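> Produce the complete structure using the sequences and hints provided.
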Amino acid sequence: MRVLGATLLGIWVLAGIALVLWLIDAWDIDKVTTYGPKFLSGLATTLTLVGISITLGALLSVPIAFGRMSSNRFLAALAYGYVYFFRGTPLIAQLFLIYYGFGSFRDQMEAMGLWVFFRDAWNCALFAFTLNTAAYQAEILRGAIESVPRGQHEGAAALGLKPVQTFHRIILPQAMIVALRPYGNEIILMIKGSAIVAIVTVFDLMGETRRAYSRTFDFQTYIWAAVLYLVIVEALRNIWQKLEQRLTRHLKR
Amino acid sequence: MEPTATLGEQLYLLVSLFDPFCGPIGFLNLLPENSLLSCGDTGWGDEVARGFFVTITLAACTLPIGLIIGLFLALAQQTDIRSLRISANIYTTIFRGLPELLTIFMIYFGLQIAVREAALALGYDRGFDINSFVAGTVALSLVFSAYACEVLSSAFKAIPKGQYEAGYALGLRPGKTMRLLILPQLVRIALPGLGNLWMILIKDTALISVIGLGDTLRQTGIAAKVTKEAFFFYGIACLLFLSLAILSSVAFSRIETRVRRSGVNQ
Chain V
93 MRVLGATLLG IWVLAGIALV LWLIDAWDID KVTTYGPKFL SGLATTLTLV
143 GISITLGALL SVPIAFGRMS SNRFLAALAY GYVYFFRGTP LIAQLFLIYY
193 GFGSFRDQME AMGLWVFFRD AWNCALFAFT LNTAAYQAEI LRGAIESVPR
243 GQHEGAAALG LKPVQTFHRI ILPQAMIVAL RPYGNEIILM IKGSAIVAIV
293 TVFDLMGETR RAYSRTFDFQ TYIWAAVLYL VIVEALRNIW QKLEQRLTRH
343 LKR
Chain S
90 MEPTATLGEQ LYLLVSLFDP FCGPIGFLNL LPENSLLSCG DTGWGDEVAR
140 GFFVTITLAA CTLPIGLIIG LFLALAQQTD IRSLRISANI YTTIFRGLPE
190 LLTIFMIYFG LQIAVREAAL ALGYDRGFDI NSFVAGTVAL SLVFSAYACE
240 VLSSAFKAIP KGQYEAGYAL GLRPGKTMRL LILPQLVRIA LPGLGNLWMI
290 LIKDTALISV IGLGDTLRQT GIAAKVTKEA FFFYGIACLL FLSLAILSSV
340 AFSRIETRVR RSGVNQ
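If you read the protein sequences in the order shown, they are chains V and S. Yeah, the first sequence ends on 345 if you go by our numbering, and it's all consecutive. Yeah, the second sequence ends on 355 if you go by our numbering, and it's all consecutive.
None of these hints come from the bench; they were simulated from the model. Treat each hint with caution, since some may be false.
Stated by the list, open to error - Label-pair ranges, simulated between beta-carbon atoms:
id, chain 1, residue 1, chain 2, residue 2, range
1, S, Tyr257, V, Leu253, 22 to 32 Å
2, V, Ile121, S, Pro249, 34 to 44 Å
3, V, Pro129, S, Arg349, 53 to 63 Å
4, S, Glu206, V, Gly128, 49 to 59 Å
5, V, Gly128, S, Gly282, 36 to 46 Å
6, V, Ser306, S, Arg343, 41 to 51 Å
Unchecked claim - Covered stretches of chain S (chain V as the covering partner; in silico rule of three or more C-beta atoms under 8 Å from a C-beta of chain V):
id, region
7, 141 to 147
8, 166 to 172
Quantities reported herein were computed from a predicted structural model and do not represent experimental measurements. Beta carbons: idealized from backbone N, C-alpha and C, even for Gly.
Take a look at the structure:
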């Protein structure tokens with residue numbers, strides 16, 4: 093077992109060294125000056141897209157989450173259907189449905205003035221991602237709110253707090269701590285999932301990588317993209333972990 | 090034609106006897122002959138059904154491979170040998186951190202380059218096409234195993250140390266303790282997490298369409314391009330994926346109640 097472990101670790105180390113040596117060997121200042129800035133602008137596109145859709149999705153998720161918890165059967169079913177659809181189908185199929193599919197209704201949309209918006213791949217991607225992440229975030233929010241024990245509601249009622257006050261001062265702060273980790277996971281999932289916009293001609297990090305590869309046939313373009321994605325995801329994961337430790341320090345014993 | 094493709098064709102012929110869409114008992118046969126989804130040459134029903142079959146096959150091929158690799162990774166993370174733990178952690182960090190699409194492209198193009206180099210080294214001088222089904226299975230197995238490792242690892246942690254000690258006290262060898270005592274409990278604990286991963290896997294198969302595999306999304310995409318009915322066909326693709334999700338969740342809740350029957354619950 094010890095030998096196996098040492099061998100496997102050795103393979104990783106060797107692979108890492110080989111990769112670095114190969115990247116140094118393949119370092120081409122022309123390619124770096126041509127494609128380096130493009131990669132960075134692609135990275136900025138990815139982060140902007142994810143940032144905006146996560147924010148808009150967070151806003152949209154609030155009514156959906158309350159719809160899910162509503163005692164009104166119709167509202168609850170509607171919200172459930174929305175969440176089930178967006179969580180049950182692949183993001184790429186949703187993106188195609190919006191980007192290619194809405195073209196089927198071009199005449200009607202032109203009449204409503206919506207075509208200017210949906211003609212653009214970036215807008216379609218933003219729209220699809222917002223709807224998708226709203227469904228996931230609604231489930232996170234609902235789970236977090238429902239995880240707060242009943243006694244907290246009763247305690248607040250016993251203190252004579254109004255329902256709105258109860259929600260803002262008692263329920264939400266406790267729910268947010270529960271929701272912190274899944275929210276972090278959702279952001280990471282969106283960063284990774286956003287790579288599919290490259291298929292519909294948005295030049296995010298993945299799109300720039302594909303363009304660079306199709307021009308140079310140099311595999312190192314993919315390696316650099318992988319390094320960039322790994323760095324972002326790992327950085328975000330570590331920041332989130334620190335944040336969580338800081339915010340939950342009063343719960344530690 | 091690559092061997093897997095021909096095997097797939099044969100399998101498809103067999104399965105098409107029970108095809109619920111366009112087989113002898115398929116419900117799409119009820120449609121009039123010139124509708125968009127009818128079977129045969131006039132409609133797209135059989136093409137889409139074929140893609141749906143490819144989606145299911147891809148997910149079903151990935152699942153066992155990913156589970157086995159994931160189990161070994163989780164076992165490696167449980168040991169007290171540091172080099173094994175670090176190796177497993179590097180693997181999971183890489184494949185959980187990379188976008189699935191990037192992994193797929195890297196495996197697809199990387200395998201192509203590797204095969205070409207190997208062929209050159211052996212003296213063949215011609216290009217090889219990597220079967221997109223094989224590349225897709227490899228890429229999805231890598232991703233699935235990294236996530237499965239996480240689920241199984243936390244399930245391992247939920248099994249009390251006393252269970253291992255009980256196995257030891259009964260005189261069972263470590264391998265037998267694992268197989269007879271630990272794994273049955275592990276399955277029960279890990280099942281909900283693995284169910285989630287299966288759902289994610291089904292959705293991830295749609296990404297393989299970008300390297301040219303004729304799955305549900307690609308077949309509906311071709312139909313959409315030819316007929317100019319993009320919303321209709323991508324809507325069909327979404328409904329097909331949705332129906333798979335519903336079927337899976339029904340199946341999983343059945344399996345869970347069945348597995349829980351034998352357990353002593355808190």
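> Now look at each hint and say whether the structure bears it out.
Each hint, compared with the structure:
1. Remark: the range hint 22 to 32 Å for tyrosine 257 of chain S to leucine 253 of chain V is contradicted by a beta-carbon distance near 55 Å.
2. At about 59 Å, the CB distance of isoleucine 121 of chain V to proline 249 of chain S disagrees with the hint of 34 to 44 Å.
3. Restraint check, proline 129 of chain V to arginine 349 of chain S: a C-beta distance of roughly 56 Å satisfies the suggested window 53 to 63 Å.
4. Our hint of 49 to 59 Å for glutamate 206 of chain S and glycine 128 of chain V is violated, since their Cβ atoms are close to 27 Å apart.
5. At about 40 Å, the beta-carbon gap between glycine 128 of chain V and glycine 282 of chain S stays in the expected band of 36 to 46 Å.
6. Checked against the hint of 41 to 51 Å, the C-beta distance between serine 306 of chain V and arginine 343 of chain S comes to roughly 47 Å, which is consistent with it.
7. A count of 0 residues in the region 141 to 147 of chain S with a Cβ less than 8 Å from any Cβ of chain V is obtained; the coverage claim is therefore unmet, three being the minimum.
8. Coverage of the region 166 to 172 of chain S by chain V holds. Counting CB-CB distances below 8 Å, 4 residues qualify, and the rule asks for three or more.
Violation of the numbered hints given earlier is confined to hints 1, 2, 4 and 7; the remaining hints are satisfied by the structure.
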